[in-house]
Amino acid sequence: MKVSGSYLFPAPPEQVWALLNDPKRLAKCLPGCERLEPDGPDRYKAIIKFALAAISGQYSGSVELSEKKPPRSLRLRLEGKGTPGFVKGEGKLELAEKHGQTELRYTGEAQVGGMVAGIGQRMIEGAARKLIQQFFESAAAQLHTSPDEEKAKR
Amino acid sequence: MIPTAFEYHAPKTLEEALRLVERHGDEAKLLAGGHSLLPLMKLRLAAPRFVIDLGRLRGMSYIREENGRIVIGALTTHAEVEASALLRSKCPLLPETAAEIGDIQVRNRGTLGGSLAHADPAADYPAAILALEAEIVVASTSGTRTIAAHDFFVDMLTTQLRPGEILTQVCFPPLGPRTGTAYCKLHQPASGFAIVGVAARVTAQGSGKIEAVAVGLTGVGPKAYRAEAVEKALHGKKATPKLLADAARHAAQHVDPLSDLHASAEYRREMAAVFTRRALERALARAQGKKA
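Protein chains in written order, with our numbering: chain A, 1 to 154; chain B, 1 to 292.
Since the hints were derived computationally from the structure, they do not count as laboratory data.
For every residue, glycine included, the Cβ atom is placed at its ideal position computed from N, Cα and C.
Possibly wrong hints are sitting among the right ones.
[As the list claims (entries may be wrong)] Cross-link-like lysine-lysine pairs, in silico, PhoX-like; alpha carbons within 25 Å at most:
(1) B/242 <-> B/209
(2) A/130 <-> A/81
(3) B/42 <-> A/49
(4) A/69 <-> A/49
(5) A/81 <-> B/42
(6) A/2 <-> A/24
[Unchecked claim] A few chain B residues facing chain A, derived, Cβ under 8 Å:
(7) 43
(8) 44
(9) 45
(10) 46
(11) 49
(12) 67
(13) 73
(14) 121
(15) 156
(16) 260
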C-alpha cells in the first residue's frame, strides 16, 4: 500500500524538525503510543496500542530515522508486530518553508500482514490515513503548546 | 477463533442498557445482530471487556408511520426492512438497499441500527439514509437527541455517537409525489460488501425538469457521503441522458477514494460515476412512472 500526502504546520521547519527528533514529544504525537525508548542512534523501540472504534490491537516494534538532512528531509522506517498481524513501512518526509509555516510532504509504502490484513483489507488504507492525520494534528498541537509548557517547567 | 474473555450483559430494558453503557464507556461494545462485532471478536481484532447484548430489549424492532413520518426501530433486521409492505409502498429505497446486503444469514440477523452505528465504510444503508435525508435518534441516560444523516458519519467506523449513547430509531418522510429512488451497487463478490454503492432520490416534473435530487454514496472513501456536486449539476435542469451522465462524473469529486486488493482508487472513482449514472437513470424513470 502506498501512502502520500502533505500537512501544513503553523511553525517554521526548524521547530518541526526539532519535534520529529525529540522522542519524548514524538511519543505524544504517535496515536496510541504507550512507550518510545531510544535503542541506538536515531532508533527507538515502541509499544503502540492501536484502537479504531471496534478494532483494537497492541503492537511492539521499532522506529528508525535515517538520511537526515536537517531541517529539510529524513527517511522513516517503522516495524511492528502484534496479536492482529504485522506492519512494516518506510517513507520519506520533506519539510519546506511556506510563509513562515512548514509544509510537510510524505511519500511511503507500507506492508500489512497477518490476521488484520486478511479481514481488514478493505479498511487498512482508511485506517492508515486516519492515523497519519491524527499524528499530524497532535504534532501541530504539540508545536503550539510546547513553548509555554517548556517555560512553565523552568 | 475464540474471543478473549469478556463480561456479558443482557439488559431487558433500554434504561438498563443505557446505565450499563454509561458505566462501562469505552470498554463496552453493544451487540445487536452481531454480524460485524462477532467476527472481529473471534479474530481478536476486537477485545471489549464488556459486551452488552441488546437482543432482549423489547419494542426496538418496528416499522411504522407516526405523524406523517416513517420510523424504524434500531433493532429491525435487514430482512424485516426488505419485506416491509409499508416501506415497499412509501419508501422502496430501503427495501431495495436491504436486499443487497450480504447474504440471507446476514439479513436475518443484522440490524439497521447496528449497521449505522458500526459505520463500515462499505456498508449499504448509509448511502440510502443519506439520500433519504433521514434523522437518527440516539438515547442516553440524560435524554434523547436527533442527528441528521448528513452529520452522522464522521470517518471510517466513526459516527457522531458519543460513549454512553445508544442508537434507537431512524426516521424520515415518506416518498413525495413524482419521486423515484434507486440503489445500484457493485458487489465485492466474496464478502458482498459494496465496492461502490449509490442511492439516488429524484423528484421530476412531467416535463422532465428535476425539482429535487439527493445522492448518497458508500464504499468509495472512508465514509459514506452526499455527492453534492452531482446534485448541484442536476437541480432545476431538464433531465436528458447526457445531463445525467455528465452530472454523474462528479460522483467522487472532493473524495480521495480508497484502494485495496479488490479495487484501486482509480477504479473506484470510475465506478462511482458509472453507478451514480445508473442510479439516477433508474430513479428518474421511476419518478416518471416508467418501469425500471
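So, going through the hints one by one against the coordinates:
no. : hint            : in the structure
1   : B/242 <-> B/209 : holds, 14 Å
2   : A/130 <-> A/81  : holds, 20 Å
3   : B/42 <-> A/49   : holds, 19 Å
4   : A/69 <-> A/49   : violated, 30 Å
5   : A/81 <-> B/42   : holds, 19 Å
6   : A/2 <-> A/24    : violated, 28 Å
7   : 43              : holds, 5 Å
8   : 44              : holds, 6 Å
9   : 45              : holds, 5 Å
10  : 46              : holds, 5 Å
11  : 49              : violated, 11 Å
12  : 67              : violated, 34 Å
13  : 73              : violated, 22 Å
14  : 121             : holds, 6 Å
15  : 156             : holds, 4 Å
16  : 260             : holds, 5 Å
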